[in-house]
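2 protein chains.
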Amino acid sequence: MKIAIIGVGLIGGSIGLAIKSEVGSRDRRKSPLEKSKVKIIGIGRNLKRLKLAKKIGAVDEITTDIKRGVKDADIVFVCLPVGLIAETVKNILPYCKKDTIITDVGSVKQPIVSEVEKFFTQSLNLSISQSPAFIGGHPIAGSEKTSVKYASKELFENAVVVLTPTNKTDKKSLDIVKKLWKKMQAKVKIMSPVRHDKILAMTSHLPHAIAFALVNLADNFEFVGNGFKDTTRIASSDPEMWADIIFNNRTNVRQAIKRIKFELEKIEKAKTKEELAKIFRKAKEKRDYYVHKR
Amino acid sequence: MKIAIIGVGLIGGSIGLAIKSEVGSRDRRKSPLEKSKVKIIGIGRNLKRLKLAKKIGAVDEITTDIKRGVKDADIVFVCLPVGLIAETVKNILPYCKKDTIITDVGSVKQPIVSEVEKFFTQSLNLSISQSPAFIGGHPIAGSEKTSVKYASKELFENAVVVLTPTNKTDKKSLDIVKKLWKKMQAKVKIMSPVRHDKILAMTSHLPHAIAFALVNLADNFEFVGNGFKDTTRIASSDPEMWADIIFNNRTNVRQAIKRIKFELEKIEKAKTKEELAKIFRKAKEKRDYYVHKR
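Line by line, the protein sequences are chains D and R. In this note's numbering, each residue's number is its place in the first sequence (first place is 1) plus 1. In this note's numbering, each residue's number is its place in the second sequence (first place is 1) plus 1.
This is chain D alone, in the form it adopts within the complex (with noise of 0.2 Å):
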C-alpha cells in the first residue's frame, strides 16, 4: 500500500509516524494496513523541510514532484492550509489511480468538499465508481506549531478525526479513511460538512478570533498573568493559516463572533455582583463538567 502525504507539516507529519508505527503492530489483522507494506511517500515544495520528515522517519521517501508523488497512490492526505485544498485535488486527480482515495485535513470542510464534489462530476463527467473518491475530514489536533519537527505519533491518540461524507461519497473508501484513523487511535465522527462549520466555528475557530483580538488590544505586557497567556496561547499561531481557515468559515464564524458579543454584553449590564456570580458559576460548572474531564 503506497500513502501520499501532501504537506509534511505538523499534521501530515504525524500522520506518517502514526501509520508507521502502527504497521505491524500487534492487532494488524483489524488493520487496512494488513495486506501489504506500506510506503509512505512525503510531497511538498520545501525539499529541507521533506527531508526533515525523511530523517524523523515520519515518510519514507521525499520527493518535490506533486505528479509523480500521488503515481499509484492508494491514499492520498492533502495536508495543506484550507484555501489550496480543493485546488490540488483537482490538479492531481489525472494524476491519481481510478481507485485512490483522497482524504484531506483541512479544519473548514463545506468550501472544500462542496468545491471538489462539483469538479468531480461536472469537469471529469465519470460515475463515482470510476473516479477516485475523496474523504473531507479534520482532526482536531494540534498546536500552535506547525514545524514537521514537533510531529508526532501521538498527536492523534484519543483526538476526534471529523469525516464529512454527503450523499456523493463512496461508503467503501470512507470506511477505510475511518479504519485509517482509528488506527492511529484517533475517535473518528461522521457528519455533514455544513455542521462540521458550524461546530467548529464555535468550539475552534471564535475562540483564536478572540485570542487574536485580545492581544491586538492589550498592552502593559509586564502585568499579565498566567490567565492571558493561555488564553492568548492559540494567538501565536500561524496567522495566514487562520486567516484562511476563519475566511473559508466566514459566515459561520461572523454569526459566532455576534453571539460572542451578545454574551459579553450580559457580563457588561450586570447589575450585580450575584448577577455576575450567576453567569460565572454557569460557565465554571460546565467546563468542569465538560471539559475538566475529558
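Mixed in with the good hints there might be a few duds.
If chains are identical, the list can't say which one is meant, so a pair holds when it fits in one copy or spans any two.
Stated by the list, open to error - Below, simulated EDC-like cross-link-like pairs (lysine to aspartate or glutamate); rule was C-alpha separation at most 20 Å, straight line:
1) K274 / E241
2) K267 / D239
3) K146 / D231
4) K287 / D231
5) K188 / E223
6) K279 / E241
7) K259 / E269
8) K179 / E158
9) K183 / E223
10) K150 / E62
11) K199 / E223
12) K199 / E269
13) K91 / D171
14) K272 / E241
15) K279 / D289
16) K72 / E223
Simulated from the structure, these hints should not be mistaken for laboratory data. Just so you know, these numbers come straight off a predicted model, no measurement behind them.
Dock chain R against the given chain D, drawing on the hints supplied.
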C-alpha cells in the same frame, strides 16, 4: 517578627511558604526578616483548612480568632476575596499594634485603598504616624485552583507584585512590604490604585470575562481542541471570587468589554483573507515578542 496571614488559601499559603523558605536563607542581611525569628500565624474560619496549612508548613500557628491572631503582629497579610478586604482591615484595626503594617493581595485596588484610607482618616481620627499603615498590594500570580493544597513557595518567583501607595501612604512601611515581596523572589512594581485597576481590567479581568462567556456560549464539547481548552482554562476559576473582582472593577471592565467587542468587529467585518491575515499577524508578532519571551 510576627506575620499574620488572614485567609490561608493558594495565595496566603504560598506567602507563608515563601517567607518561611527565605528565613535563614543565604543572604539574610538584605532581608526584613533578619532581626529575629519569624513566626507566621494563619487566621481563618475553617479549622480544617487551617490545619492543612499548618501541616504543609505554610504557617506556624493557627487560630480562628481574628482578634487574637493579629495581636502583636508586625505585618498582616489580608488574603481574602476583594469584597471582604476593606471591611476586614477596619475590623482588625482596634486589635493591631500602632506600628503594624497591614497589606493585602486583592486583584482590585482602588475601591479597597480608598475605603481603607477614608476609614483611617475619618474614623480613627489619628495622624498617619500614630496608626497602623496600609499598603495596597496585588501579586499577579495564582491559577484557577484556589486551595491551600496547591500553595507553593515558588508561586511568586519572577511574578510581578504591584504595590499601590497614595500620597497618604507611609513610605517606610511601603519599603518594608516591598522588601518582603522581593525576598519572596517577586518583581515589585509601584503605581497608583487607579492605574493598577485600569491595566488589570485589560490584562486579567477581561480575559476571565471572555473565558466565562466563551464556555457559556459553547456546546458540542466533544469537538473542542487544545485551543478551546487553554483559552477557557480560567473559566474553571472560583466564580464567586471573580464576580467579586469584576464587580469591584466594573467601570474599567465594562470599558474593556466595549473595546474587545470593537476588536472582534474588525474580524467580523474583514472583507478579504488578507485583511484577516493582517490582524492576526499583528497579534502573533505582539504575543511572540511580549509573552513568549517572558
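query: For which of the previously enumerated hints does the structure constitute a violation, in increasing order of number?
result: 16
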